[in-house]
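We have chain U already, so just place chains S, Z and G on it with the hints.
4 protein chains.
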Amino acid sequence: MSTDKNLSPFNFKYNREVKTYEVDFQHVVHNAIYFYYFEEARIEYLKNLGFSIKGEITISNSQFVVVHNQADYHEPARLGDMLEILVRMSKIGRSSFTYEMEIVREDGRHICSGLTTVVTIDRENGHPKPIPESLRKSVENFEGVALNAAAD
Amino acid sequence: MSTDKNLSPFNFKYNREVKTYEVDFQHVVHNAIYFYYFEEARIEYLKNLGFSIKGEITISNSQFVVVHNQADYHEPARLGDMLEILVRMSKIGRSSFTYEMEIVREDGRHICSGLTTVVTIDRENGHPKPIPESLRKSVENFEGVALNAAAD
Amino acid sequence: MSTDKNLSPFNFKYNREVKTYEVDFQHVVHNAIYFYYFEEARIEYLKNLGFSIKGEITISNSQFVVVHNQADYHEPARLGDMLEILVRMSKIGRSSFTYEMEIVREDGRHICSGLTTVVTIDRENGHPKPIPESLRKSVENFEGVALNAAAD
Amino acid sequence: MSTDKNLSPFNFKYNREVKTYEVDFQHVVHNAIYFYYFEEARIEYLKNLGFSIKGEITISNSQFVVVHNQADYHEPARLGDMLEILVRMSKIGRSSFTYEMEIVREDGRHICSGLTTVVTIDRENGHPKPIPESLRKSVENFEGVALNAAAD
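Chains as they are written, first to last, in the working numbering: chain U, 46 to 197; chain S, 46 to 197; chain Z, 46 to 197; chain G, 46 to 197.
These are computed hints drawn from the structure, not numbers from a lab.
Since the list gives no way to pick one copy over another, a pair counts as held whenever it fits inside one copy or between any two copies.
Here are the simulated lysine to aspartate or glutamate pairs, EDC-like style, with alpha carbons at most 20 angstroms apart: (1) Lys136 - Glu89; (2) Lys99 - Glu129; (3) Lys64 - Glu89; (4) Lys58 - Glu185.
So here's chain U without its partners, still in its complex pose (with noise of 0.2 angstroms):
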């Protein structure tokens, strides 16, 4: 359950703390749980690039689906850990996008490594549309690299 991945490159962090309901009766959190704290971490992200999360997520009038998940476990967190959730987007496609987040423990333990691809979808129809560019610009300027693989 080791890793050698590199953890270098983010740009992002956010903290989390581990509640009391996110422990299971094995004492650790949750398998499912980590998948809440990665959606908090892309939130965060967003929010940080600028974009408003009041009432709905909508950018552009697009709306945002998870159409893919995963996640690999490498250490288990306990009650009240100190998580840093590290996130970055590494992939923009043409109507996708995948993100990529680390979580770290404040003793430097890694404990989860997750992956998450969305697609853009138009907040009238449901049917997919191009990411917006206000998303795709700011996110290029705050990974300052190039991302346009083929995410789709």
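Same frame as chain U, but now just chains S, Z and G:
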């Protein structure tokens, strides 16, 4: 759904933003989620008194079990709302104690009122036992009043 | 934590097994989870009366908002326990109604008692409105008593 | 978001209705909730093989830890949808095993595909240990194929 409760004598506040996964299909925070908010705020209250919450919640070999919960919902909270959760211990009996909680949104609206009664049990045998003196003393010191009401 | 409540006059029961992810680090069902159980059982109660719950919960252009919740926890439920949730509507006012719920384990132990008050609101403008007649009639017919108490 | 996967060789199915509190503000089942569905279905799979799940999940002094989770979301599920969750153990290694899960709605639509890898650990010291023979035998018997792939 208005309230004329006196919200002033709370010495502890905890800020908490509404997360995406806490909002239900009616676009408001789900009614059960408030009990997580209340618990989070009570834990922060205890941490603020100096009690450690790492791995488990045990004070002087005592554990704590919720025996009563109630909530009055005054106004809905929505995605992205920043909430202030006021907490105080309002009653201490021999083996049980009661918390009052109020949730106020950053625009001043009164969202929710809660009441939770907790019983102290022995960590080894699960039987009720007197509240740890360290907890009683800390709370009395913090709240600045005699709280020894007949909560049992 | 005993109870001498009369558990007999419930005409509706819903069976529900305790799931892995509902059990917390103290090896019991988390206190907030019971409010999900109560809601599930209320929905089954309405379905049993013939109301459809697909996509949203709307009866005659009315929606329903929980304004009060309470639970008394008599004994903990644990992983794999099979629970029987008894539900009845116990009061109907002009625009609000109240449910009583009791949870009993298959071995006969009384686990939890709940009370929930719901307000009817207009689907379009969100304002309180009278309870739909179809709902009132169905409940009165099912419960076999005059429920027109002053719940408002 | 269509799929041409072969969904036929599943010997176990679990039916599960979408609950009110599992639907998010976008009116679909939240992406993290599927990992609860998957876990529920895996537990039912084990119960169907004759393993008892009461109080904790232990087979021959072994406990089980999820080390990998993934989900592909094909179509959203909504409030009140009746889902069929297909489960099979698809790989058994020395100390780990992998489940495949498919979620199909009652109208035949393919909702979600999942994959979960679980590691066997010793209940006493938390170290990985070989999969209990009773589990291996039961699964091989049930699935009717040689599953001894290199999952480790």
